[in-house]
Amino acid sequence: MREPVLEVRHLNSWYEEQQSFLNKKLSKRQILQDVSFEIAEGEIVGLVGESGCGKSTLAKTILGMVRDKDGAVKHYSNRPQMVFQDPYSSLNPARKIGWILEEPLRLKGGYTKSQRHEKVMEMLERVGLKPEMADRYPRQLSGGQRQRVCIGAALMQQPKLLIADEAVSALDVTIQAQIIDLLLKLHEEMSLAILFISHDLRVVYRISDRVLIMKDGRIIERGTPEEVYFSPKEEYTRVLLEAAGIRTV
Amino acid sequence: MKKKKNWNLIIGSLMTGCMILFMLLGLFYTPYDPEAMDASSKLAGISSAHLMGCDNFGRDILSRVLKGSGTTLFVAAGTVAIGTLVGIFIGALTGYYGGILDEVLMRIIDALFAFPSILLALVFISLIGPGKYNVIVALGIAFIPSFSRIVRSQFLYQKNMDYVSSAKLQGASAFRIMFVHILPNTLPVLSSSIMIGFNNAVLAEAGMSYLGIGVQPPDASLGRMLSEAQSYLVTAPGFALFPGLIIILMVLGFSLLAEGISHAGD
Amino acid sequence: MLEIKNLNIEFHDHLVPETVVHDLNLSVEQGEIVGLVGESGSGKSMTALAVAGLLRRHDMKKTGQILFEGQNLLECGRSELRKLQGSEISMIFQEPMTSLNPVRRIGWQVEEALKLHTELGKEERRARALEVLSQVELQDPERVYRAYPHELSGGMRQRVMIAAAIVCRPKLLIADEPTTALDVTIQAQIVRLLQKINRESRVAVLFISHDLSLVRQLCSRVAVMQNGYLVEAGNTEDIFRNPGEEYTRQLIAAIPKIERGGKEGNAT
Numbered sequence: 323m324r325e326p327v328l329e330v331r332h333l334n335s336w337y338e339e340q341q342s343f344l345n346k347k348l349s350k351r352q353i354l355q356d357v358s359f360e361i362a363e364g365e366i367v368g369l370v371g372e373s374g375c376g377k378s379t380l381a382k383t384i385l386g387m388v389r390d391k392d393g394a395v396k397h398y399s400n401r402p403q404m405v406f407q408d409p410y411s412s413l414n415p416a417r418k419i420g421w422i423l424e425e426p427l428r429l430k431g432g433y434t435k436s437q438r439h440e441k442v443m444e445m446l447e448r449v450g451l452k453p454e455m456a457d458r459y460p461r462q463l464s465g466g467q468r469q470r471v472c473i474g475a476a477l478m479q480q481p482k483l484l485i486a487d488e489a490v491s492a493l494d495v496t497i498q499a500q501i502i503d504l505l506l507k508l509h510e511e512m513s514l515a516i517l518f519i520s521h522d523l524r525v526v527y528r529i530s531d532r533v534l535i536m537k538d539g540r541i542i543e544r545g546t547p548e549e550v551y552f553s554p555k556e557e558y559t560r561v562l563l564e565a566a567g568i569r570t571v
Numbered sequence: 075m076k077k078k079k080n081w082n083l084i085i086g087s088l089m090t091g092c093m094i095l096f097m098l099l100g101l102f103y104t105p106y107d108p109e110a111m112d113a114s115s116k117l118a119g120i121s122s123a124h125l126m127g128c129d130n131f132g133r134d135i136l137s138r139v140l141k142g143s144g145t146t147l148f149v150a151a152g153t154v155a156i157g158t159l160v161g162i163f164i165g166a167l168t169g170y171y172g173g174i175l176d177e178v179l180m181r182i183i184d185a186l187f188a189f190p191s192i193l194l195a196l197v198f199i200s201l202i203g204p205g206k207y208n209v210i211v212a213l214g215i216a217f218i219p220s221f222s223r224i225v226r227s228q229f230l231y232q233k234n235m236d237y238v239s240s241a242k243l244q245g246a247s248a249f250r251i252m253f254v255h256i257l258p259n260t261l262p263v264l265s266s267s268i269m270i271g272f273n274n275a276v277l278a279e280a281g282m283s284y285l286g287i288g289v290q291p292p293d294a295s296l297g298r299m300l301s302e303a304q305s306y307l308v309t310a311p312g313f314a315l316f317p318g319l320i321i322i323l324m325v326l327g328f329s330l331l332a333e334g335i336s337h338a339g340d
Numbered sequence: 040m041l042e043i044k045n046l047n048i049e050f051h052d053h054l055v056p057e058t059v060v061h062d063l064n065l066s067v068e069q070g071e072i073v074g075l076v077g078e079s080g081s082g083k084s085m086t087a088l089a090v091a092g093l094l095r096r097h098d099m100k101k102t103g104q105i106l107f108e109g110q111n112l113l114e115c116g117r118s119e120l121r122k123l124q125g126s127e128i129s130m131i132f133q134e135p136m137t138s139l140n141p142v143r144r145i146g147w148q149v150e151e152a153l154k155l156h157t158e159l160g161k162e163e164r165r166a167r168a169l170e171v172l173s174q175v176e177l178q179d180p181e182r183v184y185r186a187y188p189h190e191l192s193g194g195m196r197q198r199v200m201i202a203a204a205i206v207c208r209p210k211l212l213i214a215d216e217p218t219t220a221l222d223v224t225i226q227a228q229i230v231r232l233l234q235k236i237n238r239e240s241r242v243a244v245l246f247i248s249h250d251l252s253l254v255r256q257l258c259s260r261v262a263v264m265q266n267g268y269l270v271e272a273g274n275t276e277d278i279f280r281n282p283g284e285e286y287t288r289q290l291i292a293a294i295p296k297i298e299r300g301g302k303e304g305n306a307t
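Residue numbers (the working numbering), protein chains in the order written: chain W, 323 to 571; chain L, 75 to 340; chain Y, 40 to 307.
Quick caveat, the hints were computed from the structure, so don't treat them as lab data.
Glycine included, every Cβ here is placed at the ideal spot set by N, Cα and C.
Not one of these hints is a red herring.
Selected chain L positions facing chain W (in silico; Cβ < 8 Å): (1) Y237; (2) H255; (3) N259.
Can you make the complete structure from the sequences, with help from the hints?
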């Protein structure tokens, strides 16, 4: 068994909302219910669910961006990084690509200016972008190129775990395939573990070593892609597979 | 792809450029001492010796306009600087953090906003007394509410963008996120409101000096000159005409520039 | 029934004109479902908007013909076009959140086309509206009729959009990415619903999508567009089995295959 990079144990999270303007009592709305799983070093775990099932909240909770929670999230390495769905809002429009890629190193500290520049150039090549892209602004790039930059920026601090939240959903199919190939390449080169969150069952099958199916804040089914896609135990998984045209009745 | 030429930007920057040159010239060179009185050329008309004529004390109007536009621009720049810097700070804090800090600061701002800024400035002046620097402080404070509102609304929008979350994940401090990551994104909106603010400041300074509570004699300012000229409108029209013309050119230049800048971002 | 001949669409809002659709030929027969597939920027949505008559703008030039039952939509007058829109040709859009008016009740919005195109009285309109609301398989049509858009889920709203589109019994329904914003399970339901409506009321559907697997389930014929050009068109199964063009092959290859033990490139 490989070393785990992330362990989630009995995780619950909820929103507290005020019931009405006059009634100051807070009501609890449960988002995640007793979620437990772990990701081993260099493993790709696919998390599938429909909108509102809590998969994005799970990502935010893992990254410590949700306050109201109990249970345990244990990182066994440096801080995981995240790639977001919308490549148009996840890059700072006022900054050049080079600056954006350099920022994680500035924040980490301990590099000279020329070391940082060198690392930025390395990363551009690694994610399949030309060196001159460093001088461009995000608006001058296509959606696929932007997503490459996002991945590059997330990997600058060399995290052991990358969380990709619907990272290819906003892209055209041919670009989707390229970005997935890139993620698989980086996964091998850097023995990077990935939590790949998506509503797209086909893409998840292509990329994952293990699959988690989520519904209403719970993980209802888990296993290898073969197990989950060819002998699903849960009715809901079957419904999902049929809806995606993968499994016929 | 070629775009239509941004004439607003071109003409606006030309006019503003000329005005700034004019002002800079006034700092180093004036044909006469702007405060030297000469009873013999009292209210003299336009001549080769006095290109814009002389005022009621026989002072050269060209020299005074050169000097006065410098004072006016200085006051306007100071005002906008105070308004923008404090406005950015308040707007960034309230927009980014929200919560109780936002509530308290924004209610104070709302209260200030309820008065017209010129009235607010009048109140401050009556408290701290007239004079060039006091005008800057008074107008500057009066300008803070509008700038902080603009910055706050931009921060409210920007703070939910994913690039802010990424920066947080990479370990950027709140201060760095506010002023290094988000602030540059507010510049397109902010820069055109700075231009408009500049305009309002020029007019406000002129207005206050005209009322006699702004820049005090012997300092020349465009508003001050207009005020002095009003009793001689019929006998010496040039006395009021030239300072007025310079104000109009200044304000028009800034307006065009502001319009041009706001379209340059598209 | 619908025949597009040598359609060109050019934008003139910049100094250099930009052609978004090149010399497009496409036809839709009565009661047929035709898929129009392409990635973003391929010109598929522009084509759809042109057929729906929604591209009446001065800064663009359209040449060629769009013949609907012999009438050229590009040349007919505004009032004739308006007579066709909503009654003979109707359209549903991608975003069910913005394509319904938030301050009007569902019933009012479904009846709108009837008010414009028929002489029906108030009660008859209501009866027809309730009929289509149940035809799109909405539970409790009476309640939906009185509801406001924000009270409905995304899937229900898209059903309402379909109901409003078919209320005048059109001959052609243009569906521009109608399921893209929806969850897979809802997506599948909407696709089944479109099939049912196509069967029952013999309405032809021009189904615009970037999702090839969806098009394969739904459409008998498919046309593939890239950068404004029609790359390939024909019988859906033929094209999926034997794509004639390299681009079509790439598009099909981009859909991850799900086969037992058939995973490649995933060395773990």
